Every structure is written in C-alpha cells, then in structure tokens.
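The whole structure should be built from the sequences, with the hints applied where relevant.
Residue numbers (my numbering), protein chains in the order written: chain A, 1 to 149; chain B, 1 to 149.
Quick caveat, the hints were computed from the structure, so don't treat them as lab data. Misleading hints may appear alongside valid ones.
Because identical chains cannot be distinguished in the list, a pair is counted as satisfied if it fits within a single copy or across any two copies.
The calculated PhoX-like cross-link candidates involving lysine-lysine, where the alpha carbons are at most 25 Å apart (straight line), are [unchecked claim]:
(1) Lys135 - Lys35
(2) Lys87 - Lys28
(3) Lys87 - Lys135
(4) Lys44 - Lys135
(5) Lys52 - Lys16
(6) Lys135 - Lys122
(7) Lys135 - Lys82
These figures come from a predicted structure and were not determined experimentally.
Protein chains: 2
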Amino acid sequence: MPKFLNREIISYLKMKATHIEHIGIAVKNLEESIKYYENILGFKCYSVEEVKDQKVKTAFFKVGQTKIELLESTDSEGPISKFIEKKGEGIHHLAFAVEDLSETLPEVESKGIQLIDKAPRKGAEGLSIAFLHPKSTFGVLTELCEDKN
Amino acid sequence: MPKFLNREIISYLKMKATHIEHIGIAVKNLEESIKYYENILGFKCYSVEEVKDQKVKTAFFKVGQTKIELLESTDSEGPISKFIEKKGEGIHHLAFAVEDLSETLPEVESKGIQLIDKAPRKGAEGLSIAFLHPKSTFGVLTELCEDKN
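Take a look at the structure:
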C-alpha cells in the first residue's frame, strides 16, 4: 500500500498545485488537429515548437487559465508514437503548476509516488518539469511544472 | 474530409469555449483515488455525487478555474467500466464551458463533427451538457457544458 494512503502523513503535506498548467494530447497529425481546435472550438494556436529530446512537435492553445498542448511524434520510436500505437490518439498527460518543483519531488516520492524524473528538467516553453509515473497516480501520467521565467 | 477542414467556413464560427470546465478521470476505486488527490496533490474533495443515468459515482475537486471529476462505475456494463476494460484507468474526457449549448450543437454538427448528444441533457452539478464523438475530435471524448445556475 502506498504510504500516502496512511492518514497519519497528511500533516506533513506541503505541496500545493495552483492550477492546471496544460493538458497534453497525442495526435497523429499536428496540422489537421490544429484546424479542429481553431475552427471548431475557436482557440488560437499561439506557438508551434519542437522538443527534440522528447521527439515531438508541439502546438499550444490558451483556454482560460490552462493550455492545450498537442503532441505529434517526430520519431516512430518516440513516446508519443508508442502511446498512440497502444491507446490511440487522445489525452496523454495532465500537468499541474507547482511553486517549488525541487522541493516537491522528494516530498512526493517520500509518500510512495514513483517518479519518472528524479530531478527537474527543461520542458516546452522553458518550464522546469518532472513526470510522476501513472502506476502510482491512478493511471494518469502526471506532470509537475514550475515557471521560473 | 470533415467540413471544418475547409478554411472557407471559418468566418461562420460562433462558438467560443471560455475555459476548461472539468477533466473527467476514470478510476476503479473512488475512495482510494480521492486520497491521492487530497494527500499528494493537496486538493480538497468538495462533493461526491451519483449520476444514475451514467452509472457512475463522481468526486469533484477544484483546481484553479477547472474541476477534476473522478468517475467510478456503479455497473460493470456502464461506460466507465467499458473504458477501463479497454484502456485502463486514466483520463476519460475533457469538458469545455460554452455560453449557449443549444446554439452550439447544431453549429458544430454542421461543420462535420459527430454528436453523441443531439440535444443538451443534464449532467453532474446541474450543468447542461452534451458530448462530441472522439472519432471526429482527434481521439478526445469532448464534453460541452453550460452552467445555467
């Protein structure tokens, strides 16, 4: 049983996510899916960016406080290709904005959550990011982001 | 080719989603997953509600402008059970807040999007809701919500 299920540890809780920073969506074709988000839902794509170490091309939209990040794989062996192969196109991850990622990660790990990234690394839009493993977050690939800009 | 890919129709666009109303997440066990969202991410569950015609029990959290809606099936033949069987626990749908759902639905349909609900119906928290089919929204089961309260 993960440690966080133990009510006694609640009092040690420090982490507070302030809002949903973005929702990552895996798509096969960035250009076609941008048209859907622009022409049907009425959002404006404000940035297209390649993140080489993730093997993706991304497109960003702002929807109120939250961004939508469309992800197209640039490599058939990349994580987004693998995801689409297994589950089809769709929502890939959920990202929460936090205030101090370097402090948050060891705290979360100490409560029994499996980290994909033990230390913050650089993500799209210059954010400092880290992923939690979906095995310990009830199936949701969860990203924590800190905006140091 | 869906009609929305035709650039000529852009000028007819009326719909504008103002923000992400909620993110629906399919879970096997509502009680255990509530503990994760409360004790790790630091959110407070403010409501647990059963939606009988959807065969689910739901739990709500507020995260900035957006809600997280956890969904546990109350019936092994219900849509959430089927989803988990096929894809595992995880993000199930994405809901956008719109201003006039009755006007929006025929507009969206006229642009080639397949509707699951041809007319608004009542969802959790008393919202007026309708779903768009993931086949025409690049794999994302998409809900449109209007708050008439």
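task: Could you tell me which of the hints above the structure violates, numbers in ascending order?
output: 5
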